[in-house]
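Let chain F serve as the given structure and place chain V with the ligand on it in line with the hints.
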Amino acid sequence: MSQAKVLYIHVTGLSAEILKNLVLAGIRAVLCDPRPYPDAVVASPNFLLPCADRNFTDGQSNPKKQKYLTVAEAMQPVVEELNPLLGSCEISPTSVDELSDKYVSQFSIVIASQLPKTDARRIAKATTNAGGKFFLADTFGMMGACALDLGSKHIYRPEIGKTLLDPTPLRRYISLDEVLDCPLDHATNRFHKTPPPAWVQYRCLLEYGDKNKSWPSELSAEVFFEQTRSWIKETAPSLLENELLSETSLRALAKVATSEVAPVCSVLGGIIGNEVIKAISGKGEPANNAVLFDGTTCKAWGFLVDPL
Amino acid sequence: MTTASSSVPHLLSGMEATLGTNMLTKIQSSKILLVGAGGIGCELLKNLALTGFRHVQVIDLDTIDVSNLNRQLLFRSQHVGMPKCTVACQVATQMVQDPSLVSYTAHHGNVCDNDTFNVQFVQQFDLTLNALDNVVARRRVNRLCLAAGVPLIEAGTTGYLGQVNVIDKESDVACYECQTQETQKVYPICTIRSTPSMPVHTIVWAKELYKLLFGDKVEESMLFEDTTAPDAEPSTYMSAVLSFRRARAARDSDVVRTAAGEVVTKLFVDEIQKQLDMGRYKTARKTPAVLPTSVIVDATTTVPPTAKPSYRTTDLWTPTECVAEFIACLENAATAATVLPSFDKDDTLAMRLVTASSNLRSFVFEIEPLQSFYSAKGIAGNIIPAIATTNAIAAGLQILQAFQVLRAQLETGTKSAGKLGEYCSYINCLRNSTRNGLFLTASNLEKPNPRCFVCRNATVPLALNVNNWTLQDLLQKLIKKDLGFEEPTITLDGDIVWEEGSDADSEAFAVNLPKLLPQLPCGGIQHGTVLRIEDFSQDLTVDVAVTHQTVWERGDEEDDDDDTYQYVLKGSKPTASALHVPSNGALNNGVGTKVEEAEDDDDIVVVMAADAKGKRNRETNGDGPVNKRQKMSILEADVIEIS
Ligand SMILES: [Zn+2]
Numbered sequence: 001m002s003q004a005k006v007l008y009i010h011v012t013g014l015s016a017e018i019l020k021n022l023v024l025a026g027i028r029a030v031l032c033d034p035r036p037y038p039d040a041v042v043a044s045p046n047f048l049l050p051c052a053d054r055n056f057t058d059g060q061s062n063p064k065k066q067k068y069l070t071v072a073e074a075m076q077p078v079v080e081e082l083n084p085l086l087g088s089c090e091i092s093p094t095s096v097d098e099l100s101d102k103y104v105s106q107f108s109i110v111i112a113s114q115l116p117k118t119d120a121r122r123i124a125k126a127t128t129n130a131g132g133k134f135f136l137a138d139t140f141g142m143m144g145a146c147a148l149d150l151g152s153k154h155i156y157r158p159e160i161g162k163t164l165l166d167p168t169p170l171r172r173y174i175s176l177d178e179v180l181d182c183p184l185d186h187a188t189n190r191f192h193k194t195p196p197p198a199w200v201q202y203r204c205l206l207e208y209g210d211k212n213k214s215w216p217s218e219l220s221a222e223v224f225f226e227q228t229r230s231w232i233k234e235t236a237p238s239l240l241e242n243e244l245l246s247e248t249s250l251r252a253l254a255k256v257a258t259s260e261v262a263p264v265c266s267v268l269g270g271i272i273g274n275e276v277i278k279a280i281s282g283k284g285e286p287a288n289n290a291v292l293f294d295g296t297t298c299k300a301w302g303f304l305v306d307p308l
Numbered sequence: 001m002t003t004a005s006s007s008v009p010h011l012l013s014g015m016e017a018t019l020g021t022n023m024l025t026k027i028q029s030s031k032i033l034l035v036g037a038g039g040i041g042c043e044l045l046k047n048l049a050l051t052g053f054r055h056v057q058v059i060d061l062d063t064i065d066v067s068n069l070n071r072q073l074l075f076r077s078q079h080v081g082m083p084k085c086t087v088a089c090q091v092a093t094q095m096v097q098d099p100s101l102v103s104y105t106a107h108h109g110n111v112c113d114n115d116t117f118n119v120q121f122v123q124q125f126d127l128t129l130n131a132l133d134n135v136v137a138r139r140r141v142n143r144l145c146l147a148a149g150v151p152l153i154e155a156g157t158t159g160y161l162g163q164v165n166v167i168d169k170e171s172d173v174a175c176y177e178c179q180t181q182e183t184q185k186v187y188p189i190c191t192i193r194s195t196p197s198m199p200v201h202t203i204v205w206a207k208e209l210y211k212l213l214f215g216d217k218v219e220e221s222m223l224f225e226d227t228t229a230p231d232a233e234p235s236t237y238m239s240a241v242l243s244f245r246r247a248r249a250a251r252d253s254d255v256v257r258t259a260a261g262e263v264v265t266k267l268f269v270d271e272i273q274k275q276l277d278m279g280r281y282k283t284a285r286k287t288p289a290v291l292p293t294s295v296i297v298d299a300t301t302t303v304p305p306t307a308k309p310s311y312r313t314t315d316l317w318t319p320t321e322c323v324a325e326f327i328a329c330l331e332n333a334a335t336a337a338t339v340l341p342s343f344d345k346d347d348t349l350a351m352r353l354v355t356a357s358s359n360l361r362s363f364v365f366e367i368e369p370l371q372s373f374y375s376a377k378g379i380a381g382n383i384i385p386a387i388a389t390t391n392a393i394a395a396g397l398q399i400l401q402a403f404q405v406l407r408a409q410l411e412t413g414t415k416s417a418g419k420l421g422e423y424c425s426y427i428n429c430l431r432n433s434t435r436n437g438l439f440l441t442a443s444n445l446e447k448p449n450p451r452c453f454v455c456r457n458a459t460v461p462l463a464l465n466v467n468n469w470t471l472q473d474l475l476q477k478l479i480k481k482d483l484g485f486e487e488p489t490i491t492l493d494g495d496i497v498w499e500e501g502s503d504a505d506s507e508a509f510a511v512n513l514p515k516l517l518p519q520l521p522c523g524g525i526q527h528g529t530v531l532r533i534e535d536f537s538q539d540l541t542v543d544v545a546v547t548h549q550t551v552w553e554r555g556d557e558e559d560d561d562d563d564t565y566q567y568v569l570k571g572s573k574p575t576a577s578a579l580h581v582p583s584n585g586a587l588n589n590g591v592g593t594k595v596e597e598a599e600d601d602d603d604i605v606v607v608m609a610a611d612a613k614g615k616r617n618r619e620t621n622g623d624g625p626v627n628k629r630q631k632m633s634i635l636e637a638d639v640i641e642i643s
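Protein chains in written order, with the UniProt record's numbering: chain F, 1 to 308; chain V, 1 to 643.
Okay, chain F solo, but in the shape it has when bound:
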């Protein structure tokens, strides 16, 4: 546990929660977030970055006045302060798209937020090939989702009460690549006859993010709606009548796509924190291969996205 290192790609309100949980549990953090500070985090409920320093009033920062240029630099001292026993907190030397496979291979866990799908696929592959685990997680309004890849060789010891059973592999392993390619209308199981709303919404956002290199907003709601409808028509036409994919719902989703609500981050960040600890310790049955949360109903569940 004390040897494990976690790489955080983009520190959002959600990943700040995961980071807090894991750093307090004694797990070292390395940061990769070259986004400009404070502009990139102005609306983020990242409690580790003191609001007073974020220069809200004029809406834009003056680089000369800023002590830190990137989000990672601003986070570094607060992470060190959060658990001084862990020593200094590293910052990754390169930007996200230059993160090499070799660099990524040193981490037990990689946690990414607001990351384009293409980068996610590449980094997930590099991480799991080296025996690490990859988590892609975001919240949007009252919803949140996480897709995770524990690697094909992951084994764990199931728990019954306090008893640990013998090591066993995942019942079914599906790589992040396949998870993100799985047609939406296949994302069902016996408990979810239609695809879970949080997963539907997350996929829509990821698809849009990949095409447009940014997440949708109220301003781009029109484009988001059109692109999403045509993507659904192509890949999962049976869902065209699904209420979640109606114009009203998609416009509403665009509006909250980058809205992070602190308690939603807090709950999902806690659940993912537990899953990371399970992944590192190999104790307890892990979620495979998605964790979904609906902050309105307050339900969270693990879900297997399975193309078959």
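For the record, the hints were derived by calculation from the structure and aren't laboratory data. Be a bit skeptical, because a hint or two may be false.
Pair ranges (Cβ atoms, derived) [claimed, not checked]:
no.: 1; chain 1: F; residue 1: R171; chain 2: V; residue 2: D346; range: 25 to 31 Å
no.: 2; chain 1: V; residue 1: D347; chain 2: F; residue 2: G26; range: 17 to 23 Å
no.: 3; chain 1: F; residue 1: R190; chain 2: V; residue 2: T335; range: 56 to 62 Å
no.: 4; chain 1: V; residue 1: M82; chain 2: F; residue 2: H192; range: 46 to 52 Å
no.: 5; chain 1: V; residue 1: T313; chain 2: F; residue 2: H192; range: 27 to 33 Å
no.: 6; chain 1: F; residue 1: K153; chain 2: V; residue 2: D315; range: 42 to 48 Å
no.: 7; chain 1: F; residue 1: S281; chain 2: V; residue 2: E411; range: 41 to 47 Å
no.: 8; chain 1: F; residue 1: R171; chain 2: V; residue 2: T21; range: 24 to 30 Å
no.: 9; chain 1: V; residue 1: C190; chain 2: F; residue 2: P167; range: 38 to 44 Å
no.: 10; chain 1: F; residue 1: D101; chain 2: V; residue 2: S243; range: 45 to 51 Å
no.: 11; chain 1: F; residue 1: R190; chain 2: V; residue 2: C190; range: 47 to 53 Å
no.: 12; chain 1: V; residue 1: Q90; chain 2: F; residue 2: K5; range: 30 to 36 Å
no.: 13; chain 1: V; residue 1: E411; chain 2: F; residue 2: K153; range: 27 to 33 Å
Given the structure is predicted, the values throughout are model-derived calculations rather than measurements. Ideal Cβ placement from N, Cα and C applies to all residues, glycine included.
Just chain V with the ligand now, with coordinates in the frame of chain F:
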């Protein structure tokens, strides 16, 4: 005060886009009472600040201890010694965009203090959030909120398990006391470090001692004392500990032997003497006594108990044997190929050390019963640390439920309009998901228990031998301890036989205290008497119907042969208020005394140890019942939690 859309601060723009301007305005204008500023409390306050709440008052009694730093997100080393609530409010204020708009007020005090925190005080709030770790305070806040008509959001966590519940007088939902209550099981760190009173306290301490001696990082132990800082207090035992660690690393057995003896003397003689000299136990119920020198001297010629041919794991060790065993452990550790850096109950060396040192500490503090290797292992295996992630999840869920309560208030224009059952859910948080994959289950709030004397004014049946009890006994053992009255007024047939509290004339009634129940005025308390107990501080009235009973069935675990104070309340004997750990090591069957039957399909009869996970097995809402295996793991998992 109003928030026009354009002037919404950036930090809250996500909140506004998600919940709408009206809800954000409602949030900004609501007055929130937060009780507790520990693990869950800090998480709550952080979330309140980040979601736009401007008016929050926090009640907490504790000050920040060094050992809180690693676990509680708002506290740093410079805060040690300061009240938790004060620091939490300061730090949370810095999280908001415009501190001048918020007022986060700290009340460093006990929520049970009726002069300050009474029904009138609670009435000023729109909503109360509980972040407490003990039954007494929870019961208190439950009653205050019911009396004041203020919705209450409760949360409890035990290890990886947690639950969140919403309580509201008007909404026809269960109150905190409608359910069986957990026994106290969260122990503050100062209890472990300075004022142990139960075997479990000394075993937790011994595990920390193991960490101090063998951990990769000595400073991670709760017992670590930093002597290198410029203004550091001198430590009695750290230099002995460090010289042992150095000698072990160097595999120098002679120095290890000397250092091991030093560690014993420093921990069980010098440190205790230091605490005594500091006057720490002046007001304590029990005063420790240093380990007699003869015990340590005799140990040099004593065979460690586990080295005896006749040794059995159920043996109890004498203090001298404990010293010999402890020193043998340290010596063995110096020559062993590997020593685990963290405690594991299945590691023999670790358990020998923990058994020996916990018993020595119990001896010094006169804590009974002493534990065998076997029973200590049972206890040690049931100790689970507070898990920060569970606190984060529970607090997040409380805030999401708070949004629901505020939405109900916004839509009905009242504090609840009796409709919270439609807006809110009871949520269970699990480590391993249910059969259908749920990590969080949400179900309808429970209906009140018709037999609840707190929210349903139910009459409480009480069976006891009236000829053995005095009014004083009844008052202390039963009315205050079990029923949670603080300032009871007792009337028999309309006449007062006892009253206390502000404006009460206790002295006039003191003459009744030593009287046996039948000898009280107004005919006394006899078979069939109904006495009325009122507590104006909690706005609570209860009728107690007395049955005279002289013959009792005896459970196997009763170690008290005396029937004098036997009684049955509410149809079943209440759980001992302190966790009783039996010396026979039968942990899962012996802790606590309450037997509860699972209420639905399955025929599991579970002997509840302490039930924070307590809510009995529940149907989940529309997602099918929690499966049996899940139930078992919920109920078996945890006994004791250290925060
Ligand atoms: Zn009740």
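Okay, the hints, checked on the actual structure:
{"no.": "1", "hint": "R171(F) to D346(V): 25 to 31 Å", "in the structure": "28 Å, holds"}
{"no.": "2", "hint": "D347(V) to G26(F): 17 to 23 Å", "in the structure": "20 Å, holds"}
{"no.": "3", "hint": "R190(F) to T335(V): 56 to 62 Å", "in the structure": "57 Å, holds"}
{"no.": "4", "hint": "M82(V) to H192(F): 46 to 52 Å", "in the structure": "49 Å, holds"}
{"no.": "5", "hint": "T313(V) to H192(F): 27 to 33 Å", "in the structure": "50 Å, violated"}
{"no.": "6", "hint": "K153(F) to D315(V): 42 to 48 Å", "in the structure": "46 Å, holds"}
{"no.": "7", "hint": "S281(F) to E411(V): 41 to 47 Å", "in the structure": "45 Å, holds"}
{"no.": "8", "hint": "R171(F) to T21(V): 24 to 30 Å", "in the structure": "47 Å, violated"}
{"no.": "9", "hint": "C190(V) to P167(F): 38 to 44 Å", "in the structure": "41 Å, holds"}
{"no.": "10", "hint": "D101(F) to S243(V): 45 to 51 Å", "in the structure": "47 Å, holds"}
{"no.": "11", "hint": "R190(F) to C190(V): 47 to 53 Å", "in the structure": "51 Å, holds"}
{"no.": "12", "hint": "Q90(V) to K5(F): 30 to 36 Å", "in the structure": "33 Å, holds"}
{"no.": "13", "hint": "E411(V) to K153(F): 27 to 33 Å", "in the structure": "53 Å, violated"}
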